[in-house]
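These protein sequence lines are chains A and B, in that order. Take the first sequence: its letters are residues 10 to 770, numbered as in our numbering. Take the second sequence: its letters are residues 5 to 369, numbered as in our numbering.
FYI, nobody ran anything at the bench for these hints, they're computed from the structure. Check each hint, because a few of them may be wrong.
When the alpha-carbon atoms are kept at most 20 angstroms apart in a straight line, the in silico EDC-like pairs for lysine to aspartate or glutamate are as follows [said to hold, decoys possible]:
#, chain 1, residue 1, chain 2, residue 2
1, A, K339, A, E354
2, A, K242, A, E688
3, B, K248, A, E688
4, A, K339, A, E77
5, A, K94, A, E146
6, A, K663, B, D211
7, B, K158, B, D148
8, A, K334, A, E77
9, A, K663, B, E170
10, A, K663, B, E330
11, A, K339, A, E377
12, A, K272, B, E330
13, B, K254, B, D243
14, A, K339, A, D67
15, A, K663, A, E377
16, B, K51, B, D63
17, B, K363, B, E35
18, A, K663, B, E225
19, A, K242, A, D67
20, A, K663, B, E205
21, B, K158, B, D211
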Amino acid sequence: MIKNSIVSTGSMCLKSALLAAAVLTVPFGANAQQLDLSVLETKTEERRTIRRLTATADQMRLEGEFSELRLALYAPRDEALLYRKLQVDYLTAVSAAPEYSNLSVTINGQFVGDIELTSGEQASLRSFDLPPGLIVEGFNEVRFVARHKHRVDCTIPATYELWTVLNPANTGLVFDPGADTAPKLVSGLEVLRAIPNDVTGSTNFRLVQPANMSMSNLDRSLAVAQAVAVFGKYQNPNIEIRTEPGTNAGMDIIVGTRAELSKAGYAVGRTRSGIQGLVLMRSPETGRLSLLIAADSRPALDHSIAQFQEALSKLPITGTQRGIKVFTTKFGYEITPGTAVSLAELGVSSQRFDGRLMQRDFSIRLPEDYFVGDYGKATLSLDIEALANLSNANRLQVFANGAALASAELTREGITSRSPVNIPLGGFSPGFNELRIEVSSLTSEDEVCDVSSLNGVDRLAFETSTSTIEFDSLARMRVTPSVSPGNLLPQSTADNRPTYIQVPSNDRNSLEAAAQLAVAASAINQIVQPVSLVMGAGDVGSQPGLIVAPVNRLSGLAKQAYTDTLQDTRRSASRGHVANFVGLETLDANEPGLWADLRRYANSAWRNMGFKLGSEFQTQKSFKLEKNDVLISQRTTDLTPQESWVAFFGAPVKQDVWTVVTGLTGDDVKSGVDTLLREGRLAWLGGDTSLYKTSDNTVLSDRFSEANYFASLANPSELRNSRLVVAGVISHNMLDFVVFMVLFGVVLAFSYYVALRKSGR
Amino acid sequence: MLKTVISALLAIVLASSSAVSDPVFGHGAREKDALSLWLRSAWRDYKSRFVTDAGAVIDDANKGISHSESQGYGMVLAVAADDLDAFQLIRDYSFETLQVRNDSLFAWKVEHTDQGPNITDINNATDGDLLIAWALLEAYKRWDNPDNLASARKILQDVATLLVHETSLGPVLLPGAMGFVEDEGKTLTVNPSYWVFPALESIAQFDRSANWAEIAVVGEEILDLSQRAPTYLPPDWVDISGFKLVPSDKFPPEFGYNAIRIPLYLAFSSNAFREKKAADFSTLHGFSNPGGPAVTQVVTGAIQSTMSEIGFRSIVALSRCIDTSEPFPTSLLQFGSDSYYSSTLQIFTVLALAERNPKCLSPEW
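Model the full assembly from the supplied sequences, consistent with the hints where possible.
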C-alpha cells in the first residue's frame, strides 16, 4: 500500500466545523412558499425536532372538493421508535365552509386523526399522537384526504377556489432526539433515503468545495449527489456550492483526495462503512447528513464513488407494503403496453363523491424512447356510477401534464367501462407523466345552491378496481430535439464519457441551477449520468451538452436556440388557414355560428381519432422572457438524409445535442429553475422549446426545428412497429398525415387503374 | 434536395475555411514577447544540439539514433517556432530516410553510421506517424502549402487502414503494424501514450479516413481502465483481451518514460474533460516528489528510479498548476542541459502552458 503524505488522525473523524454545523437546530417558523408562518413561532413551546415530509408546498396542495395525497416517509432504524407525534401545519382557502370541510390523516392505512378545516388567513398547527409500532423502519405511507365545500357557490369554477395547503416547514414527525446532540457515525447507507427537507420542502444538497479545490472534484460531488437523488428519489434538489458545510436540514457532500481534505481541515480516520474512505455522519437533531469520500488520488476517488453507487443500487427497499408502493411508484407506474392496469393499482382509491367536480390525480411512466408523435391511443375505461339525478351538462375531462387531452359527455347513468375514453398518445411525454381526471356531477339542485342542504348526498360512485387504463402498442423511437425530462441532459456522443455542462465563470447562480437540473433529471429518470462542468470565461454554448447561462452570455447554437424564440415565424408547427379549416385551431368555446360549430366538431373528431392537437393551439402565444422566467430549449446538428435513414432503421448515428437553459439574468435562471422544480413542472416540458412562466406557473411548449427520428428497441421493419412508426412520423404533424393519406390513396387508386387497363379489363 | 446540396457545399466551404483559420500550434507562445523569446532561444539551442545538418533529430540518450517519433517532435516544434527552413529540412529527411516501407508509414528506427543512415527496424511506431502527420497539418495551416496536407492525408490513410484495430472497447491504435496482435486478433498490446490527444483533435478536423474523435475517446477509456489500485498510475504498455485490460506481460509493468507523456498530451487537449484528467495526475503517487516523478512498478508501487530531468518535472508542475493553480516554477524554464527527450517534453510543456494555461506562468511571461 502506498504511503500517503497525509497524517491520519486516527480519531473518529471530520473537521470541527462539520461537527459543529451538524448540531444546530432546525429553525421553526421560517417562511415557506406563499404562506405567512410568523404565527407559528409562538406555537412551538418545547424544544423538539421534526422530520419533514418529502414534498414541497405545491406538492402538498390538496385542491378541489376531494383531494388525496400519499407520501412515502423513510424512518431510519434509530428514529422509528421515537416518532410518536405527527404535526400538520395547514392553511385552507377562505372560500371553504368549515362545517363541511375536513382533512383526515392515515399512516400505513391506520386512521390517525381528522381536522376540521377552519379557513382563514392564518395557518393552523395540529398534532396527533401516534400509537407505538405504527411507524416502522423503512418507508411508511402517510395519506392525507381533504374534503372541501364552498361556502356560497355551487358552480364548477367555484370548486377551483377550494384548497388546503400543508406547510412543508412544519408538517412532519415531531420527536425528542435525546440529550446527546453530537453527530453520529452511521454505518448503513439506507439512511440516505431519509435526508430531511428544508423549510420549502426541497432537499438541500451542499457540495462542499473548499478554496483551491480542483474543479474536477465538483464533478465528483455532483456524481455523488446524483446517485443519492436516484437512491432517495429526491426530485426537488436545492443545490448549493459552498466552501463550508451547511447547518440546517439537508446533506453535505465532501469529496476529495486525503491531501486536499487535510489541507481544508478534514481528516478521515476510522470509518464504519464497507467502502474505503467513506464516512457518513448524521446529526440527531437536524437529521442533516454529511457524506465524506476521501482517497489517496483522484482515480482512487473515482473508484470509491463507483463502489458507493454500486452499493446504493444493491440496497433493498424496506418498510411497510403501502410505504414501499408509494415510494416505488413515486415517478409513475411503469406502463406495460397491451396490459390494462386498474386505477386502484395506480394508487387511486375508490370513493363515493358528493361534490360537483371530482378530480383524481395519478402518474404513469412510459418508456424513455416512447415516440411522442405516435397517433395511437390509450384507452381509459372508468367505472363511475351516477347516484343522483345528474343534469345533462356533465363531462369527463382527461389532462396529461397540464394539457387537456380528451373529454366525453357524462350520461345520466355515469360512465361504464363499455364506453371507454380514447386519449391520444401524442399528448404524453416519454418517461414520467402526470394525469388528472375531472368529472363534473352537477344536478338541477345546484342552480338553487343551498349549501347546507346539499351536504351528504352522494352523486357519484367511483370504483377504481374496475376502472382501467390501457396503452396499445407503443412505437419506440427517440425524437430529437426534445426537452422532455429524459432528454434534458444530452448524452455525450461518445459512450461512457461525461456530458458537458457549460456555465459562465463567476456566475454561481447559473452553476447551481445547472447542478440542480442535473440532479433533478437524474432523480426523475432514475439514472446517474456522468457530467463534467466547464466554466467559460466568455460566452458559453460552443460545445454540445447542457448550457445554463443568462441570455447575454450565450453563444453559438445555444444563442441561436434563444433567438429562434424571438421570431414566431420560425415555428415549424404553424399551419395557418389550412389548420383552421381542418379544425386544428383553438376555438373559443362561446364562439357562435355554424362555421364555429363545424370546426368544433372537426376538432373533436380529430381528438377522438387519437390525434394530438399540439402546438398549433399556442401559435398566438409569445415566448418572450420576463423576470424569473426560464427558457429550456434543445437543438441538434442536422442529420444528412442518409444519416436520417440510418437512424430511422435503428443503426446508431451520433448527433450532437445542445440543451439551453436561459433567463434574463443569472438570478432569473436560478429562481426560475428553483420554482420549476419546486412546483413539479419538469415533467411538463415538451417540444424542442419550453418556456416556464413563473408568474402563472405554466409551461408553453413548441417546436422550432425539424425533428429527427431514431428507432430504438423496435425494429421498424416489423409490421406491427412499422405501422406505428411510419404513421407516427407522418402524424407528427397531423396535416401532413392527412395529405399523405390522400396522396397515398390517389396513387393506390391510379396504380390499380393502370393495372386493370394493362390486364385488359 | 437543392437546399441540402447547397447546405452541404456551404458546410464544406465553412469547414475548410475555419480549419485553415484555426490557431496554429505555438500561436499562444509566439504572441507573448517573453515566451516568444524563450521559444526562439530554446528552439535554437535544440536545433544546435539535436538536429543534424541533414535534418535528422538525434536521440542522444539512446545511442544517438533517430526515430520517427523524434522526427515528428522536431517537425512539430519547428512549426511552433515558426521555422520553415528547419521544418522542411526535418520533413525531407524523414520522407527520404524513414518512409521506406511499402506504405506511407515511417520505419521507426534509424542508426547513423559512417556509411550514412541505416534503417535497423522497418516496423513503424504509430506515435511517430501521428506526430509527423500532425506536424504536416500544422504546417499546412501555418504556411498554406497543400503538399503538406496531401502528405498528411496519405499517412493518415495508412494509419487508419493498418493501425486502427476494432476491439470491444472501440477502435484502438496499434503501436505498430507488426507484432502487437496475438491469438488471431483477440489479444492486443497497446501503449496509452501513443494517443497524442492534441494531434488526434487536429487531425479529426482534416481527415475522415478514420473516426479520430472516437479513437481519442477510446484512448481515454483505455487510460481509465489501466489506472488501478494501488498506484492508479497507467503502465507504459497494456494488454487488451476482450474487455479485460492488464499491464502487458511483454514489458515491465511500469509507469515510466512512455506514460509520463500522457498528462502532457491531456493538458494540451482542447477538451475540458481531458484537461481535468491531466490535473488528476497531480494527485498520483510520485507527482508530489520534488526530485521528479518516479518510474514506478504499477502493481506493487515500488519505485525503480526517478525521472529527474527538467522535462519530466515540468510535466508534473504543469499538472499541478492545472489542478490547483500552483505557479509553474521559473527554475523549470532553464533550457540547455537535458537530453533530447527531456528537452522535447520541456518545450512541449511550455507550449501547453502558453496555449492552454497562461495563468500558470508568472505575469512577466
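Give me the numbers of the hints this structure contradicts, sorted from smallest to largest.
-> 3 and 10
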